[in-house]
Amino acid sequence: MIETETFTQTKKTKGEIMSGRVIVITSGKGGVGKTTTNANIGTALAKAGKKVVMIDTDLGLRNLDLLLGLENRIVYTIVDVVEERCKLKQALVKDKKNPNLCLLAAAQTRDKSAVTQEQLKDICKKLQKDFDYVLVDCPAGIEQGFQNAVAGATEAIIVTTPEMSAVRDADRIIGLLESKEEIQSYKLLLNRVRPNLVKSNDMMSVDDVVEILSAELIGIIPEDTGIITSTNKGEPIVNDEKSLAGRAYHNVAKRIMGEEIPFMNLEEETSVVAKVKKFFSGLVGKEKK
Amino acid sequence: MKDIFTDLYNKVLGFFKQAEIEENAKEVACNRLRVVLMQDRTNINPALMEKMRKELVELLSKYVEMDKEALELNLEQDGEQMALMLSIPVIRAKDEDEIADCESAEEDIKDSDDVIGEREAEEVEATEDNEEREETSEEAPEEDEKCICSEVECFCIDEKSDKCECTEKEEICDCGKEDCKCGEKLSTVIQEKKQTGNK
Numbered sequence: 001m002i003e004t005e006t007f008t009q010t011k012k013t014k015g016e017i018m019s020g021r022v023i024v025i026t027s028g029k030g031g032v033g034k035t036t037t038n039a040n041i042g043t044a045l046a047k048a049g050k051k052v053v054m055i056d057t058d059l060g061l062r063n064l065d066l067l068l069g070l071e072n073r074i075v076y077t078i079v080d081v082v083e084e085r086c087k088l089k090q091a092l093v094k095d096k097k098n099p100n101l102c103l104l105a106a107a108q109t110r111d112k113s114a115v116t117q118e119q120l121k122d123i124c125k126k127l128q129k130d131f132d133y134v135l136v137d138c139p140a141g142i143e144q145g146f147q148n149a150v151a152g153a154t155e156a157i158i159v160t161t162p163e164m165s166a167v168r169d170a171d172r173i174i175g176l177l178e179s180k181e182e183i184q185s186y187k188l189l190l191n192r193v194r195p196n197l198v199k200s201n202d203m204m205s206v207d208d209v210v211e212i213l214s215a216e217l218i219g220i221i222p223e224d225t226g227i228i229t230s231t232n233k234g235e236p237i238v239n240d241e242k243s244l245a246g247r248a249y250h251n252v253a254k255r256i257m258g259e260e261i262p263f264m265n266l267e268e269e270t271s272v273v274a275k276v277k278k279f280f281s282g283l284v285g286k287e288k289k
Numbered sequence: 290m291k292d293i294f295t296d297l298y299n300k301v302l303g304f305f306k307q308a309e310i311e312e313n314a315k316e317v318a319c320n321r322l323r324v325v326l327m328q329d330r331t332n333i334n335p336a337l338m339e340k341m342r343k344e345l346v347e348l349l350s351k352y353v354e355m356d357k358e359a360l361e362l363n364l365e366q367d368g369e370q371m372a373l374m375l376s377i378p379v380i381r382a383k384d385e386d387e388i389a390d391c392e393s394a395e396e397d398i399k400d401s402d403d404v405i406g407e408r409e410a411e412e413v414e415a416t417e418d419n420e421e422r423e424e425t426s427e428e429a430p431e432e433d434e435k436c437i438c439s440e441v442e443c444f445c446i447d448e449k450s451d452k453c454e455c456t457e458k459e460e461i462c463d464c465g466k467e468d469c470k471c472g473e474k475l476s477t478v479i480q481e482k483k484q485t486g487n488k
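So the protein sequences, as listed, match chains D and P.
For the first sequence, this note's numbering begins at 1 and goes up steadily by one.
For the second sequence, this note's numbering begins at 290 and goes up steadily by one.
Because the hints were derived from the structure by calculation, they are not lab data.
Please note that the accuracy of each hint is not assured.
[What the hints assert, rightly or not] With the C-beta cut set under 7 Å, the calculated list includes, among others, these residues of chain D facing chain P:
id, residue
1, S165
2, M204
3, V206
[What the hints assert, rightly or not] Okay, derived cross-link-like pairs now, DSSO-like style, lysine-lysine, Cα gap no bigger than 30 Å in a straight line:
id, chain 1, residue 1, chain 2, residue 2
4, D, K94, D, K254
5, P, K315, D, K187
6, D, K94, D, K233
7, P, K340, P, K357
8, D, K187, D, K47
9, D, K199, P, K315
10, D, K47, D, K121
11, D, K242, D, K254
12, D, K121, D, K254
13, D, K29, D, K47
14, D, K199, P, K300
15, D, K29, P, K315
Quick caveat, the model's predicted, so the values are computed rather than measured.
Positions of the beta carbon are idealized from the N, C-alpha and C atoms, including for glycine.
Put together the whole structure using the sequences plus the hints.
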């Protein structure tokens with residue numbers, strides 16, 4: 001279905017069943033942007049023509065449906081699939097805009113023990129056959145919810161922010177992922193970077209975090225107020241081409257697809273804007289920037 | 290002239306020191322994180338590090354005279370490799386004679402330790418009198434401790450010194466119970482205590 005694949009994992013030869021990549025998006029700490037990242041990377045990949053399914057494994061605290069604006073369309077959840085009240089395909093909710101994008105929602109009324117590692121593994125395996133990418137949204141913590149989410153995945157994206165607690169938890173997650181044989185590679189996504197604070201030496205820089213965690217980077221997402229409005233509207237920020245965070249997520253998606261995209265220099269990005277502002281404010285004179 | 294230079298030197302030093310004190314939030318975060326992550330990863334807690342530090346000071350002061358307070362021992366990540374970094378401000382290196390002195394002093398201590406150890410071991414086996422003395426001196430202050438014989442039938446658990454006479458004889462306990470083995474146990478415990486004491 002896709003002309004040129006850059007990956008060995010998704011490379012499809014004639015007659016062979018398609019085998020998509022299963023990527024778990026995890027962080028350890030809560031509130032660093034796992035679900036936002038999931039929604040945006042998923043949407044960006046789907047926009048690039050890939051078939052994507054997102055699995056929300058945060059049983060009891062589901063939110064991925066909200067970020068995608070699909071909360072009113074959910075009929076069956078992952079627990080219904082596991083308990084055989086419906087077929088797997090019935091439970092997949094198609095995105096409003098992009099038919100390439102599907103969501104397997106979490107049950108809101110059950111807890112993490114409703115699904116086992118084996119069951120999740122099984123679901124991932126089945127979905128792999130029909131989709132290029134299976135993105136697993138992992139709950140916060142390192143307990144059963146995490147173990148479940150990781151069970152079916154072969155790759156991981158660790159979301160963290162340049163804050164001490166988030167970095168520490170990310171380190172813990174890296175340790176746990178390294179002990180899992182199934183996880184072949186993991187990469188770091190640094191979220192909510194605030195270039196101004198980094199510039200004034202009040203916040204850890206991207207280099208600092210990468211050095212401390214000694215992990216490979218897959219993306220840098222700047223703090224963006226647009227995330228709040230996009231969440232409120234139920235529309236991932238990647239749909240907004242002007243947004244800096246949206247562009248950054250697009251870049252992440254491209255890197256996942258194997259393209260070599262240089263990392264945004266956030267300081268420069270902002271300083272260009274600042275320069276333009278300065279220039280105009282200089283022209284206009286007393287006008288506020 | 291000299292004063293001017295020292296004044297200037299102090300000023301420059303003061304300037305840099307001030308800069309050091311006002312460490313920015315970013316650096317503080319990085320440094321704290323590095324330390325805490327090393328502890329998380331290795332399970333080496335600060336107390337253990339301190340112990341290592343102390344023992345290293347002890348060992349190294351045989352060869353060099355150093356600023357013991359300023360010695361720094363840190364776990365650091367160097368790429369994939371975990372490294373133990375030791376930074377020692379050396380005041381001066383000791384010369385051969387001093388090192389030799391240190392070594393001979395150490396050997397003396399070792400030798401005397403060995404001699405004492407052997408002698409005491411012999412004493413335990415051979416002389417009863419010594420045994421008694423050792424016993425009372427070691428048993429007396431530990432009143433909370435239960436009698437070592439701790440056999441169910443033995444009275445000494447409750448009223449150690451009064452009824453049970455096992456503290457007076459080495460091999461046979463007089464507490465009147467057949468199963469009591471306090472005599473045996475006592476002697477082994479004392480031996481152990483002596484050994485740990487020597488260490």
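Those earlier numbered hints the structure runs against, lowest number first | 1 and 3
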